[in-house]
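Peer 1: Protein chains in written order, with the numbering used here: chain A, 1 to 171; chain B, 1 to 394; chain C, 1 to 462.
No wet-lab data here; the hints were simulated from the structure. One or more of the hints may lead you astray.
Stated by the list, open to error - Lysine-lysine pairs mimicking DSS-like chemistry, simulated, CA-CA at most 27 angstroms apart:
no., chain 1, residue 1, chain 2, residue 2
1, B, K317, B, K344
2, C, K325, B, K97
3, C, K325, B, K223
Claimed, not checked - Examples of chain B residues toward chain C, derived with CB under 8 angstroms:
no., residue
4, G78
5, L81
6, D82
7, T110
8, R128
9, L131
10, F200
11, L201
12, T208
13, Q210
14, Y218
15, A233
16, G238
17, L316
18, K317
19, K366
In this text, a Cβ means the ideal position worked out from N, Cα and C, and glycines have one as well.
As a plain string of letters, each chain reads:
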Amino acid sequence: MKRRRFLSGLAVSALVPPAFATDYLSIEGAQKALFPAADRFVPLSLARGAAALRVPDARVAAMHAFTAYAGDQLVGYVVADAVIGKFELIGYAVGLTPERTINGLEILWYRESHGYEIRQPAWRAQFTGKTAASPLRVGSDIANISGATLSTTHVTDGVRLVAQLVQATTA
Amino acid sequence: MWPFVAALTLSITLAACGGGGGGAGSAGDPGLSDRAALGKKIFFDPSLSASGRMACSTCHDPAFAHAQNNALPVQSGGAGLDVPGFRAVPSLNYLEKNPSFFFDSEGTPTGGFNRDGRAQTLADQAQRPFLAAHEMANGTPDVVVQKLAAAAYADDFRRVFGSAIFADIDTAFLRARQALEAYEREDPAFHPYDSKYDAFLAGRATLTAQEIRGLALYQDPTKGNCSGCHPSARGSDGTPNSPPLFTDFTYDNLGLPRNMAIPANADPAYLDMGLCGPERTDLAGRRDLCGAFKVPTLRNVATRKVFFHNGAFSSLKDALTFYVQRDTNPEKWYPMGSSGALEKFNDLPPDLAGNVNTTEVPYNRKEGEPPALTDAEIDDVVAFLQTLTDGYTP
Amino acid sequence: MIAAKGFLMHARHPLAVALLALGLALPRAALADEAALQKRIDALEAQLRALQDQLTAIRADAKSAQASAANAQATAEKAVAAAPQAAASGTAAVAAGNAAPPASMAPYAFPQIGPNTVLSSYGEIQYNVPQNSNDALADVGRFVIGIAHSFTDRTRMAAEFEVEHAVTSADDSGEAEVEQAYVEHDFTDHASGKAGLFLIPVGLLNEHHEPTVYYGVYRNHVETAIIPTTWREIGVGGTWHDDTGWTVNAGLTTGFNLSKWDPNSDEGRESPLGSIHQEGQLAAAKNLSGYAGFNWRGVPGLEAGATVFYGGAGQGVDFAGKDAKVTLYEGHVRWTPGPWDLAALYAHGAISDIGDLNATFAGAPTPVPATFDGWYTQAAYKFTFGGGQQLGPFIRYEQYNTARSYVGLPVGFDVPTGPNNKATTLGLNYWLTPGVVFKLDYQWLRPDDTQSRFALGIGYAF
Numbered sequence: 001m002k003r004r005r006f007l008s009g010l011a012v013s014a015l016v017p018p019a020f021a022t023d024y025l026s027i028e029g030a031q032k033a034l035f036p037a038a039d040r041f042v043p044l045s046l047a048r049g050a051a052a053l054r055v056p057d058a059r060v061a062a063m064h065a066f067t068a069y070a071g072d073q074l075v076g077y078v079v080a081d082a083v084i085g086k087f088e089l090i091g092y093a094v095g096l097t098p099e100r101t102i103n104g105l106e107i108l109w110y111r112e113s114h115g116y117e118i119r120q121p122a123w124r125a126q127f128t129g130k131t132a133a134s135p136l137r138v139g140s141d142i143a144n145i146s147g148a149t150l151s152t153t154h155v156t157d158g159v160r161l162v163a164q165l166v167q168a169t170t171a
Numbered sequence: 001m002w003p004f005v006a007a008l009t010l011s012i013t014l015a016a017c018g019g020g021g022g023g024a025g026s027a028g029d030p031g032l033s034d035r036a037a038l039g040k041k042i043f044f045d046p047s048l049s050a051s052g053r054m055a056c057s058t059c060h061d062p063a064f065a066h067a068q069n070n071a072l073p074v075q076s077g078g079a080g081l082d083v084p085g086f087r088a089v090p091s092l093n094y095l096e097k098n099p100s101f102f103f104d105s106e107g108t109p110t111g112g113f114n115r116d117g118r119a120q121t122l123a124d125q126a127q128r129p130f131l132a133a134h135e136m137a138n139g140t141p142d143v144v145v146q147k148l149a150a151a152a153y154a155d156d157f158r159r160v161f162g163s164a165i166f167a168d169i170d171t172a173f174l175r176a177r178q179a180l181e182a183y184e185r186e187d188p189a190f191h192p193y194d195s196k197y198d199a200f201l202a203g204r205a206t207l208t209a210q211e212i213r214g215l216a217l218y219q220d221p222t223k224g225n226c227s228g229c230h231p232s233a234r235g236s237d238g239t240p241n242s243p244p245l246f247t248d249f250t251y252d253n254l255g256l257p258r259n260m261a262i263p264a265n266a267d268p269a270y271l272d273m274g275l276c277g278p279e280r281t282d283l284a285g286r287r288d289l290c291g292a293f294k295v296p297t298l299r300n301v302a303t304r305k306v307f308f309h310n311g312a313f314s315s316l317k318d319a320l321t322f323y324v325q326r327d328t329n330p331e332k333w334y335p336m337g338s339s340g341a342l343e344k345f346n347d348l349p350p351d352l353a354g355n356v357n358t359t360e361v362p363y364n365r366k367e368g369e370p371p372a373l374t375d376a377e378i379d380d381v382v383a384f385l386q387t388l389t390d391g392y393t394p
Numbered sequence: 001m002i003a004a005k006g007f008l009m010h011a012r013h014p015l016a017v018a019l020l021a022l023g024l025a026l027p028r029a030a031l032a033d034e035a036a037l038q039k040r041i042d043a044l045e046a047q048l049r050a051l052q053d054q055l056t057a058i059r060a061d062a063k064s065a066q067a068s069a070a071n072a073q074a075t076a077e078k079a080v081a082a083a084p085q086a087a088a089s090g091t092a093a094v095a096a097g098n099a100a101p102p103a104s105m106a107p108y109a110f111p112q113i114g115p116n117t118v119l120s121s122y123g124e125i126q127y128n129v130p131q132n133s134n135d136a137l138a139d140v141g142r143f144v145i146g147i148a149h150s151f152t153d154r155t156r157m158a159a160e161f162e163v164e165h166a167v168t169s170a171d172d173s174g175e176a177e178v179e180q181a182y183v184e185h186d187f188t189d190h191a192s193g194k195a196g197l198f199l200i201p202v203g204l205l206n207e208h209h210e211p212t213v214y215y216g217v218y219r220n221h222v223e224t225a226i227i228p229t230t231w232r233e234i235g236v237g238g239t240w241h242d243d244t245g246w247t248v249n250a251g252l253t254t255g256f257n258l259s260k261w262d263p264n265s266d267e268g269r270e271s272p273l274g275s276i277h278q279e280g281q282l283a284a285a286k287n288l289s290g291y292a293g294f295n296w297r298g299v300p301g302l303e304a305g306a307t308v309f310y311g312g313a314g315q316g317v318d319f320a321g322k323d324a325k326v327t328l329y330e331g332h333v334r335w336t337p338g339p340w341d342l343a344a345l346y347a348h349g350a351i352s353d354i355g356d357l358n359a360t361f362a363g364a365p366t367p368v369p370a371t372f373d374g375w376y377t378q379a380a381y382k383f384t385f386g387g388g389q390q391l392g393p394f395i396r397y398e399q400y401n402t403a404r405s406y407v408g409l410p411v412g413f414d415v416p417t418g419p420n421n422k423a424t425t426l427g428l429n430y431w432l433t434p435g436v437v438f439k440l441d442y443q444w445l446r447p448d449d450t451q452s453r454f455a456l457g458i459g460y461a462f
């Protein structure tokens, strides 16, 4: 029943995460992990970037973007998103500095039989320091995970889109 | 457990007294159904023949794998046991998995009973010996049924098949043959699978060096290639793990020499050509099948007194030697004609000599070439074939 | 920690959230000095801008919600269908815009066929022309339909149904088979178990055999002839992994059935284990088998692993091979630095206690090999183009011997071992999108170069 509600919701926002009961991280958890110093996360619309990049509304509606503040100081951005792995959605969150350099990738949930290696810190660390101008492609600056090509490709593509949207929205 | 089974058996037996049949063992043969136990009695009853001296077991001697116990090419029957037959006696062993006759998807004739496959079932097969003039010579079924009604086991027959069974000649004759079939199917004496080779396949016996050599030559597709038609591997009939039957139930034309010891062969016009007749009639138009006879099992082959459908050979070694030297040394097997030419394949009309299998190993050779097996190798194969005799005790 | 689900419910009212944030920010601003005030104003401006955007977004949401309400009776499947249209593999996104935006702008969609059920499929069609022969062959090598269903977040099943060689009947050479059917459960985030018919985690290909993930028109020889890909067994298996790259697999399963060995067929020489695998088809299961293996992926792009499989192959059948045991082990490395894809694998199989059985096969052309092995090494380079297109030239060199040694053959009736096959494959994979691949290659085979061949293939997977 829970899942059915999720699906009818798809018409509104393309991808809303399924049940969260056993996630690795909540979005709040990811926010804190990416910006430990931040004390506020203010929702941010990516509509401006989406319009500039001609990304379909439905795709952007799946995302949940925030601006992170430490006191009055803007310390960065966090975007939570979901992509398809092979059979299941993968939830992840990307942190970007005010200069829109990626400072971290967190996996929120993962339900595939294969490819859980994307949770490894070593794999996720590849994204740190990349920007919207980076290739951010598997087989280029991001290494593939053998046996989890779809998961790695889709997450990497998702991170690239996030970086470009944040860049186009806030620059 | 066993007392329960015994009680069950008893109750089934009592129920069977109503005439249904099919229960187990009231006739004193443990393991045999009533019908099979009755079949056993019929099998050994000489009173069912015109001579009063010929039972099924006369020609199908249990001590010789249910085949003939003498070296005559054909047996004689009739009222005076002086009417000669036409073919050597086949073993009745290991027919329990023999399929009815059919052409397989590639058109290969397969299965059936008798050397020409014309009987569709064992019960069907049992018809001819009761009636044929050269066998039990009863002529017609009513004579057989009359004798059955007078037999010592007539009451058993009524009990199993109904009190009025003898009043219906055709049904009674059929039931007698079905009883024989049940006996052949049920009694392990017809298919014991307890040869040395069976023990070897099960890892419970080792073959001697000569027997192993013989097996290797038997199975080697470039040497004996015997297993091409007489499969020796487990499961070769398509049933996983089933013991090999040493026949693939097909037919082959070996081009055997005409056996002049068969009285019928005195008439040059008489040609026994297996699938295409004259005994079998439905395939008379298939001239390509003329001369083809059924591939028999080789289990217990070493107990045989004569070999092939016409009993042309009386030793296993001769039979094997014929296989490998038929084409390399034809002069050893075929007579010289009046014109001075060798009459190869002289048991077939000359225009059908092309039907003979001359393509497969070991009979794919030409005159002068070395035979597929040497004399010593033939001895090895004979040694191996002797491991196919049932009743092995380590 | 607030449950994220709750958070997302709030997020459906972003205006409220934004106002709340603004309200919290104001009192603090009053205490700041001038410089800080200016900064504060800047921040507020930014927040106001965000607020405007949120309003825009809410309007868009409302519009969508209306549309959604109009379709209130529509099934979930229908609703999902809209997403892939806009999203499938990124190309739809290109069509949606006037200028071409970056590829893969859209999320990847997958064919949901029920609330928690996903359809998958892969297929490959091959065409080959052996060098020294007039036989050219075109074949629908495989067509597979799979379903995966999540019962809960932690419990799911997956099954694949496969048809090989297009047509299956008593008179055709095709096969229809259930390739996988298992239930999997996550005990923790690091440990899961599965039960049913599943692929043995061995080598590089067995679990990942879709045409889009391997190079060449046909699967490599070593992982076909030595490791009998697609190798599955019925049983239970467990997987444990940590965050530093270690994965450990172990399981208890059905195994091989040596009583099926046909000494008169070539099958055993083509693939010794492939000829006696059971594939969950009324599998004789007197002897259990076990496997254990590991993979290490601690450095991004690197995978190194090994697996051993061991089990009795007599299966309680009363035959001369009743004590036989099968041992298979392999080690593999795959390294994908940037566009490179480098792989190597060695596999070794042994069937022990087969002397008596081979004696019964005396003279037959295909006795049971005591050992068989093979290795390969492969290098590929992926060029990436727009729209998800990729071009991957590759070269692979293999050596394999399906009959490295024999035991138990009678003196004078030795069967030649080998041959020691060598295959060099040079080819090209072209991915039109990640899910569709066209392939061509040429393969040199030694010593039997009559089988050297040119091949073309097309494959897809989703």
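Peer 1: Hints first: check each against the structure and report whether it holds.
Peer 2: Status of each hint after checking the structure:
A C-alpha spacing of about 21 angstroms is found between K317/B and K344/B, which places the hinted pair at or below 27 angstroms, so the restraint holds. Annotation: proposed proximity of K325/C to K97/B is violated, straight-line Cα distance about 32 angstroms (limit 27 angstroms). Restraint check for K325/C and K223/B: not satisfied, since their Cα atoms lie roughly 32 angstroms apart, outside the 27 angstroms limit. Against a cut-off of 8 angstroms between C-beta atoms, the interface hint on G78/B is violated, since the closest Cβ of chain C lies about 46 angstroms away.
Because the beta carbon of L81/B sits about 45 angstroms from the nearest beta carbon in chain C, more than 8 angstroms, this interface hint is broken. Of the supplied interface hints, the one on D82/B is violated, with its beta-carbon coming no nearer than about 47 angstroms to a beta-carbon of chain C, more than 8 angstroms. Violation of the interface hint for T110/B is found here, the shortest Cβ-Cβ separation to chain C being roughly 16 angstroms, above the 8 angstroms cut-off. About 35 angstroms separates the beta-carbon of R128/B from the nearest beta-carbon of chain C, more than 8 angstroms, and the hint is not met.
Look at L131/B: its Cβ only gets to about 40 angstroms from chain C, farther than 8 angstroms, so that hint breaks. Below 8 angstroms, beta-carbon pairs count as interface contacts, and F200/B has one with chain C at about 6 angstroms; its hint therefore holds. Evaluation of the L201/B hint against chain C yields a held restraint, the C-beta minimum of about 6 angstroms falling below 8 angstroms. Contact between T208/B and chain C, as hinted, is not supported at the beta carbon level, the nearest pair being about 11 angstroms apart and thus beyond 8 angstroms.
Nearest Cβ of chain C to the Cβ of Q210/B: about 10 angstroms, over the 8 angstroms cut. The hint is violated. Below 8 angstroms, beta-carbon pairs count as interface contacts, and Y218/B has one with chain C at about 7 angstroms; its hint therefore holds. Of the supplied interface hints, the one on A233/B holds, with its beta-carbon coming within about 6 angstroms of a beta-carbon of chain C, less than 8 angstroms. Hint status for G238/B relative to chain C: violated, with the closest Cβ pair at about 11 angstroms, above 8 angstroms.
For L316/B, the suggested interface contact is broken, since its CB lies about 19 angstroms from the closest CB of chain C, more than 8 angstroms. This hint is violated: K317/B has a C-beta 19 angstroms from the nearest C-beta of chain C, more than the 8 angstroms allowed. For K366/B, the shortest C-beta to C-beta distance to chain C is roughly 24 angstroms, which exceeds 8 angstroms, and the interface hint is violated.
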